[in-house]
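Visitor: All chains should be built: construct the whole structure from the sequences, respecting the hints.
Quick mapping for you: the protein sequence lines, in order, are chains A and B. Quick note on our numbering: the first sequence kicks off at 1 and runs consecutively. Quick note on our numbering: the second sequence kicks off at 1 and runs consecutively.
You may find that some hints are simply not true.
[To be verified] List time: in silico BS3-like cross-link candidates among lysine-lysine, alpha-carbon distance up to 30 Å:
#1 B/Lys173 / A/Lys220
#2 A/Lys220 / B/Lys121
#3 A/Lys220 / B/Lys149
Calculated from the structure, these hints are not laboratory results.
Chain by chain, the residues run as shown.
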Amino acid sequence: MSDFLSLFQTYNVPAAFLVNLELTFWSLIFSAILGIILVLMRISPISSLRHVASWYVELFKNMPLTIIMVFMVLGAFAQLKLKFSDNFDTNFFWLAVVGLSLYTAAFVCEALRSGINTVPLGQAEAARALGLNFMQSATLIIMPQAIRGSVAPLGNTLIALLKNTTVAAAASVATETSSLMSEMIEFRPDVIIQIFLIFAFGYVILIIPIGILTTFLSNKLAVRR
Amino acid sequence: MTDNTTQTRAQDGDDRYLVELEHVEKHFGNLHVLRDINLKVKKGEVLVIVGPSGSGKSTMCRTINRLETIDSGVIRIDGQPLPEEGKGLARLRAEVGMVFQSFNLFANKTILDNVTLAPIKVRHMDKTQAEREAMDLLARVGVDSQANKMPSQLSGGQQQRVAIARALAMHPKVMLFDEPTSALDPEMVNEVLDVMVSLAADGMTMLCVTHEMGFARKAADKIIFMADGQILERGTPDEFFEHPQTERAKDFLSKILTH
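Guide: Set out below in structure tokens:
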């Protein structure tokens with residue numbers, strides 16, 4: 001037990017979890033924005049936009065996240081000189097956010113599209129028949145119902161995102177949980193099981209409320225038809 | 001030139017044609033759904049389109065505000081050819097009211113917001129004025145007491161009357177009804193038909209696709225009978241119901257009127 005407590009004294013576990021939460025927060029915002037833009041492109045009347053969006057989604061949905069994250073460091077940063085800050089940690093943090101956002105946006109788009117499929121086509125026709133243009137019917141009628149109808153898949157995307165932030169280690173974010181875990185295992189091989197349990201339960205504790213919240217919201221926000 | 005013709009038509013006053021279809025053709029894949037459709041509707045006229053299922057009546061109705069595109073031919077609303085997609089089309093759609101079989105009220109908006117949305121967003125009407133007009137319209141169709149409810153809380157008949165009010169809120173030149181009573185419970189059909197009859201009496205130009213023969217007799221100025229994508233007969237209700245010319249129409253009438 002004292003071994004266990006000494007782990008917390010030597011290593012700042014909550015700080016590492018905080019880094020993952022920060023990664024999640026910023027990636028959530030950017031992937032939500034990009035995901036909404038993508039799904040609007042996918043349902044837009046302009047076919048070239050539809051094609052671009054569907055290619056984007058197919059590409060990022062089917063690409064391993066680790067490869068995207070490694071690309072952000074070795075490709076985007078080292079080769080293409082994409083740089084957010086002179087501070088190493090800050091720079092890699094934002095490179096990881098970009099990689100996570102690009103990847104997650106594909107899933108946000110798919111989640112929203114499943115929500116759009118719950119909105120009866122007739123409502124879009126009625127909006128058009130009244131003279132509303134595409135953006136008006138999308139923002140006033142279709143998207144508000146689509147978002148409410150896709151709370152559950154969006155919640156699952158958020159859960160996946162939070163867990164995926166551990167892949168930020170591949171983008172050289174050295175302060176987050178999986179990096180810290182590797183470090184702890186390296187220096188304290190005597191308590192490996194405890195170390196695993198700390199991180200495993202840390203995530204479970206963070207994620208269970210998200211699941212409960214999305215189930216609650218999904219019922220509460222459901223559009224009655 | 002277009003402006004010129006529009007003007008002369010406008011000067012003709014009540015005799016001008018609000019809806020014109022000339023040589024309209026449409027295919028769904030191999031299916032020839034509209035064959036050489038020619039139709040003119042005068043201002044204030046009530047046209048009822050009847051015919052068996054799959055005859056193309058709904059499709060024709062939907063081509064008039066371009067919810068369905070056509071392969072060839074011309075459609076004019078108040079003298080102006082139907083524009084391609086874009087602002088011009090949106091403007092024209094705003095002048096053609098449409099009522100659907102499945103009501104299609106916006107499920108995320110209250111009854112009042114359903115009616116005021118397009119006047120505010122498309123016509124840029126002031127909100128208080130839009131709400132005042134909406135309440136008048138809702139009172140006219142008898143659902144003003146439900147104004148703050150959501151569509152799902154209303155019966156089908158009430159929802160369809162709201163849908164009519166929503167279309168009327170745009171002050172349309174023409175109203176299109178695409179089987180407005182087909183999805184309703186039998187006891188709710190009349191409340192919707194009553195609203196339509198009173199609209200017709202008020203001089204609204206209307207195109208109604210319907211299976212309600214009682215309504216057709218009572219309210220129609222002209223009946224169009226369609227089968228297999230063609231217009232087979234056109235005439236007054238008396239002519240059509242009492243003296244149908246084609247075998248197809250006689251057969252159709254014998255099937256629906258014996259019950």
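Visitor: Run every hint past the structure and note whether it holds.
Guide: We went through each hint and held it up to the structure:
no.: 1; hint: B/Lys173 / A/Lys220; in the structure: 41 Å, violated
no.: 2; hint: A/Lys220 / B/Lys121; in the structure: 28 Å, holds
no.: 3; hint: A/Lys220 / B/Lys149; in the structure: 17 Å, holds
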